[in-house]
Amino acid sequence: MRLLEKIGLVSLGLVAGVSLSLHFAAVAEKETLATSLPVEELRAFSEVFGRIKSDYVEPVTDKKLITEAINGMLNGLDPHSAYLDTESFKELQVGTQGEFGGLGIEVGMEDGLVKVISPIEDTPAYHAGIKSGDLIIKLDDTLVKGLTLNDAVKRMRGKPGSKIVLTIIRKDEPKPLTFTLARAIIKVQSVKSKLVEPGYAFVRITQFQEHTGENLATALENIVKQNQGALKGLVLDLRNDPGGLLTGAVGVSATFLSKDALVVYTEGRTEDAKMRLTATPENYLRSSGKEDYLKKLPDSIKSVPLVVLVNGGSASASEIVAGALQDHKRAVIMGTQTFGKGSVQTVLPLGNNTAIKLTTARYYTPGGRSIQAKGIVPDILVEDPATAGQDSAFHLREADLNKHLTNNRSSDEKPDTADKNTTPSPATKGEATKPNSTEFGAKNDYQLNQALNLLKGMQILQSK
1155 MRLLEKIGLV SLGLVAGVSL SLHFAAVAEK ETLATSLPVE ELRAFSEVFG RIKSDYVEPV
1215 TDKKLITEAI NGMLNGLDPH SAYLDTESFK ELQVGTQGEF GGLGIEVGME DGLVKVISPI
1275 EDTPAYHAGI KSGDLIIKLD DTLVKGLTLN DAVKRMRGKP GSKIVLTIIR KDEPKPLTFT
1335 LARAIIKVQS VKSKLVEPGY AFVRITQFQE HTGENLATAL ENIVKQNQGA LKGLVLDLRN
1395 DPGGLLTGAV GVSATFLSKD ALVVYTEGRT EDAKMRLTAT PENYLRSSGK EDYLKKLPDS
1455 IKSVPLVVLV NGGSASASEI VAGALQDHKR AVIMGTQTFG KGSVQTVLPL GNNTAIKLTT
1515 ARYYTPGGRS IQAKGIVPDI LVEDPATAGQ DSAFHLREAD LNKHLTNNRS SDEKPDTADK
1575 NTTPSPATKG EATKPNSTEF GAKNDYQLNQ ALNLLKGMQI LQSK
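Mapping of the sequence shown onto this note's numbering: position 12 corresponds to residue 1166, and the numbering continues sequentially without gaps.
Derived by calculation from the structure, the hints in this document are not laboratory data. Here the structure is a predicted model, which is why all the values come from computation and not from measurement. The beta-carbon is built from N, C-alpha and C at its ideal position, and this holds for glycine as well. Hints are not guaranteed to be accurate.
Here are the in silico distance ranges between beta carbons for each label pair [claimed, not checked]:
| id | residue 1 | residue 2 | range |
| --- | --- | --- | --- |
| 1 | Thr-1215 | Asn-1603 | 34 to 44 Å |
| 2 | Ser-1617 | Pro-1314 | 46 to 56 Å |
| 3 | Asp-1209 | Lys-1313 | 20 to 30 Å |
| 4 | Val-1193 | Pro-1314 | 46 to 56 Å |
| 5 | Leu-1297 | Ser-1208 | 24 to 34 Å |
| 6 | Val-1193 | Asp-1239 | 46 to 56 Å |
| 7 | Ile-1534 | Lys-1313 | 11 to 21 Å |
| 8 | Phe-1594 | Pro-1314 | 23 to 33 Å |
| 9 | Thr-1560 | Ile-1534 | 25 to 35 Å |
| 10 | Val-1319 | Ile-1339 | 55 to 65 Å |
| 11 | Asp-1326 | Gly-1611 | 48 to 58 Å |
| 12 | Arg-1309 | Leu-1615 | 52 to 62 Å |
| 13 | Asp-1239 | Ile-1291 | 40 to 50 Å |
| 14 | Asp-1414 | Gly-1315 | 42 to 52 Å |
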């Protein structure tokens, strides 16, 4: 049988200037299962196809009709299944390298409008002030209503340096807002690190790319050297990280977990959709002959006190890492409830440089929790003062998306408020708050400061 590339996606959604990341694996093409065809439904499809060809006001090509029919089948399943034409498929593959063209917006579709899930850090959209929850109603002079998500994303892409005007509706703003953005080649630095003070490090992962695990290992090596000894505490920041490579999530988890510890497992209808991924090299290295980048890490990294920051923009691969570290009691999870995307998409090439992105499985934390449409609930709830007190509708999550998969294990999970501590933000009702500085590891980052305070408290208790 000929080989077929199968790509498992654990990323949030489409991006205007694609940032979806991939996990590649070569698998044998399965024999087509003998199933009875729905004759009556196919006859109706054929009749509609013929009527459009003969009676529609303008001539329509066969290719367009078939393509739109495929789009309709996949879009009707859930928010993440989709048809990828040649251009979209190519952009999807390029995105694994962390460099792509566009605006840098993670987007989805809601009620016929493009909804911003999250702007990607250090991109034109981020610096222009585009926010999570914004509804894009117009692209230049073209109304978004009536466009497919793929069409809207294509219009937002373009030659670097060219400009586009976005018209946006924002919660609590009386009038639509307009933003003029210059498209750019987006180079996303996956891992950023900083020794914030002696003994305490801050590491941010913006999204999970091909070399994220390796970059994290290098960053930690450098920080330990800079500190001239073992760290007293480490903050791992996964806020607004929309996900990415599954291997990257396993590699990041393996950095802090003991060897062979279960990181994540998946369940689906087919055998290919059932996986158990542990903290072993074969599960986070794309090539079996590649050197294990975790070998050089100091042993102290496995036991350093760890706080993981998350929020509503933390999704998919981010939630896998947070869930694994939480279930193994390796880290304290701090922040706000995560996005809740607990499904795996498989990209199946069709042989003509196109593909379908199909939801094939749900993933589960080591303790058997499904975070689909629920998310990871932090051990300590800490709101960002910049967003505290805002209407919950502003915080878009998986459960808000039309046709989202349900959580099939909700009854087995603990209530959201079980054994959780809450740290209120200093913002008061009616008081205007300024967003935190965009500087990495800024001193006015409230959640980061709370994480550092917790680590210092743990250090005091440990010393006693």
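Now for the hints, and whether the structure bears them out:
{"no.": "1", "hint": "Thr-1215 - Asn-1603: 34 to 44 Å", "result": "violated, 59 Å"}
{"no.": "2", "hint": "Ser-1617 - Pro-1314: 46 to 56 Å", "result": "holds, 53 Å"}
{"no.": "3", "hint": "Asp-1209 - Lys-1313: 20 to 30 Å", "result": "violated, 40 Å"}
{"no.": "4", "hint": "Val-1193 - Pro-1314: 46 to 56 Å", "result": "holds, 51 Å"}
{"no.": "5", "hint": "Leu-1297 - Ser-1208: 24 to 34 Å", "result": "holds, 30 Å"}
{"no.": "6", "hint": "Val-1193 - Asp-1239: 46 to 56 Å", "result": "violated, 30 Å"}
{"no.": "7", "hint": "Ile-1534 - Lys-1313: 11 to 21 Å", "result": "violated, 46 Å"}
{"no.": "8", "hint": "Phe-1594 - Pro-1314: 23 to 33 Å", "result": "holds, 24 Å"}
{"no.": "9", "hint": "Thr-1560 - Ile-1534: 25 to 35 Å", "result": "holds, 28 Å"}
{"no.": "10", "hint": "Val-1319 - Ile-1339: 55 to 65 Å", "result": "violated, 20 Å"}
{"no.": "11", "hint": "Asp-1326 - Gly-1611: 48 to 58 Å", "result": "violated, 37 Å"}
{"no.": "12", "hint": "Arg-1309 - Leu-1615: 52 to 62 Å", "result": "holds, 55 Å"}
{"no.": "13", "hint": "Asp-1239 - Ile-1291: 40 to 50 Å", "result": "violated, 25 Å"}
{"no.": "14", "hint": "Asp-1414 - Gly-1315: 42 to 52 Å", "result": "holds, 50 Å"}
When held up to the earlier numbered hints, the structure conflicts with 1, 3, 6, 7, 10, 11, 13 and fits the remainder.
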